[in-house]
Amino acid sequence: MAEKIKILYVDDEPDNLFGFKASLRFDYHILTAINTPQAIAFLDNNPDIRVVFCDQRMPEKTGVEFFEQIRISHPHPVRILLTAYTDVESIIDAINKGNIYRYVKKPWIESDIISAIFEANKFYMANSMLAVKNDELQKAYDELNKFAYSVSHDIRGPLSGILGAINLACEIDDVEEMKEMLFLMGKSLKKLDTYILSMHDYYSLQRGELNVSEIDFNRLIEDIKPLYTVISKTDNVTFNIDISQDSVFRSDPVPLKLIFNNLLSNAFKYQDKKSIAKSVDLSIEVRENKALINITDTGIGILGSHIGEIFNLFYRANFQEVGSGFGLYNVKSALLKLNGQIEVNSVMHQGTTFKITIPSI
Amino acid sequence: MSINFSFIIIDDGELDCYVTQKFLERIDKNLLVRTFQSAHQALDVIRDGYWDSGSLHTVILLDLQMPLMNGFRFVEEFEKLDAEVQKNYSIIILSILNSATNPADIARILSYDKVNSIIEKPLTREKLFLLLQKAESSINVL
Chain A
210 MAEKIKILYV DDEPDNLFGF KASLRFDYHI LTAINTPQAI AFLDNNPDIR
260 VVFCDQRMPE KTGVEFFEQI RISHPHPVRI LLTAYTDVES IIDAINKGNI
310 YRYVKKPWIE SDIISAIFEA NKFYMANSML AVKNDELQKA YDELNKFAYS
360 VSHDIRGPLS GILGAINLAC EIDDVEEMKE MLFLMGKSLK KLDTYILSMH
410 DYYSLQRGEL NVSEIDFNRL IEDIKPLYTV ISKTDNVTFN IDISQDSVFR
460 SDPVPLKLIF NNLLSNAFKY QDKKSIAKSV DLSIEVRENK ALINITDTGI
510 GILGSHIGEI FNLFYRANFQ EVGSGFGLYN VKSALLKLNG QIEVNSVMHQ
560 GTTFKITIPS I
Chain B
223 MSINFSFIII DDGELDCYVT QKFLERIDKN LLVRTFQSAH QALDVIRDGY
273 WDSGSLHTVI LLDLQMPLMN GFRFVEEFEK LDAEVQKNYS IIILSILNSA
323 TNPADIARIL SYDKVNSIIE KPLTREKLFL LLQKAESSIN VL
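Chains as they are written, first to last, in the numbering used here: chain A, 210 to 570; chain B, 223 to 364.
Since the hints were made in silico from the structure, they are not lab data.
No experiment lies behind these values; they were computed from the predicted model shown.
Quick reminder that beta carbons are idealized off the backbone N, C-alpha and C, glycines included.
Possibly wrong hints are sitting among the right ones.
Pairs of lysine to any residue residues, derived as SDA-like cross-links and limited to a Cα-Cα distance of at most 25 Å, are as follows [stated by the list, open to error]: (1) A:LYS388 <-> B:GLN243; (2) A:LYS399 <-> B:PRO289; (3) A:LYS355 <-> B:ALA326; (4) A:LYS348 <-> B:ASN324; (5) B:LYS251 <-> A:LYS482; (6) A:LYS482 <-> B:GLN263; (7) B:LYS251 <-> A:VAL384.
Have a look at the derived ranges for each label pair, beta carbon to beta carbon [what the hints assert, rightly or not]: (8) A:LYS482 <-> B:LYS336: 28 to 36 Å; (9) B:ASN226 <-> A:ILE375: 25 to 33 Å; (10) B:ASP304 <-> A:LEU368: 37 to 45 Å; (11) A:ALA357 <-> B:ASP270: 31 to 39 Å; (12) A:ASN330 <-> B:ASP327: 43 to 51 Å; (13) A:ALA349 <-> B:ASP250: 45 to 53 Å; (14) A:HIS558 <-> B:ARG295: 20 to 28 Å.
Isolated chain A, as found in the complex (with noise of 0.2 Å):
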């Protein structure tokens, strides 16, 4: 069976107390409360308790009133009531204010308890469960929130820029001004391109299930190396591998080439264009079940009150038009998936460091 199911129960008779756990503990994880500032305490320190179970005759606080009370305070677990009293006005008192859940008649038996808890435990679970979904989607609002700003951003403006420079070129004859702004459509049309594929990307790792095969990071390297070979010569920027790899490692294939791709072509993106000893430093090292991963650039680096914020969907923290605010984003998705951790080291003006650390599967 699953770890038991927590319950706390209130009542001034230590007697009552005993006589509850002692027919309970067997099933149940009860937990006993003689006064109601013991209930809150036992409460604040367990907030997994699913059941609260409270006598309606007490001397300090009645029933209703510590339901009311904690209704506010500890709204997640269900409130019963054990009351050997049943006029009208106390029950209406109970639902109205209590906002309880059942009521249990005093002396009880077992078995009113046990259904009581059964069905209180349904009505926790759908609850917690709709707390969990709704979380899901807030967050998919705020995710649609951004969506709607990039979409407007990152689709309209370059559309809207070429179509400006169409009026414009309706208007000039000079072919060298026309070359130039055809140079720059074509730019802006290759960003878009850029954008929706991120945009393929951030689909396939929020929906996409895992395909896990052996990684031979030599091969992966070999793979993905072409790309930036081509950078790394018309940039002048020294693009230094080194992979040690002894032991077998498995993993997905696409999410770490996802990984590799957004942060190198980041490497070499980000450069600093006045620096003279311009390099990209890639290091994987596979020991004990894990890969280690670091990506050294010798770039402009990131200041530090953007580090926090950089793996946010659409963060941008650089005004160059060349990101779109999804490679890091991706990044993180990517290793949410495969298991994995990523640290970030910058000096401005001087470079940056990613490190990552991803389990074998």
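Given the coordinates of chain A, work out where chain B should sit on it, guided by the hints.
Using the frame of chain A, we list chain B on its own:
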């Protein structure tokens, strides 16, 4: 057409900067125009007095949706500059407008003294003349 003011264009899109600048220069090729892809940089240059407008009034053409410092923030920061600096400028918003742009933000930005009007991208010849008219009137009210 003679234009007696200079321009600063602030837009993170390289193509947008280029197109707006060319549109303006086609009317008067001696026009003083400078483009910034970063609102931050533009603000620094204006604050520190590094923009030489040739003693002309300057019209700032401002995009709204930009990373790091967007158009709304730029205007807020601009309003904090010395009155002596501010008086040489007026701002016209030149941006995409759509459902993602909060109408309350637009209303707020238009309530600033220095913000003259909004023109929706993409820029066309007709909109350009409208823009110049608005720029002209922004100087005349001073």
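To see whether the hints hold, each was checked on the structure:
no.	hint	verdict
1	A:LYS388 <-> B:GLN243	16 Å, holds
2	A:LYS399 <-> B:PRO289	19 Å, holds
3	A:LYS355 <-> B:ALA326	18 Å, holds
4	A:LYS348 <-> B:ASN324	20 Å, holds
5	B:LYS251 <-> A:LYS482	31 Å, violated
6	A:LYS482 <-> B:GLN263	18 Å, holds
7	B:LYS251 <-> A:VAL384	17 Å, holds
8	A:LYS482 <-> B:LYS336: 28 to 36 Å	34 Å, holds
9	B:ASN226 <-> A:ILE375: 25 to 33 Å	30 Å, holds
10	B:ASP304 <-> A:LEU368: 37 to 45 Å	39 Å, holds
11	A:ALA357 <-> B:ASP270: 31 to 39 Å	36 Å, holds
12	A:ASN330 <-> B:ASP327: 43 to 51 Å	48 Å, holds
13	A:ALA349 <-> B:ASP250: 45 to 53 Å	51 Å, holds
14	A:HIS558 <-> B:ARG295: 20 to 28 Å	24 Å, holds
Hint compliance for this structure: hint 5 alone is broken.
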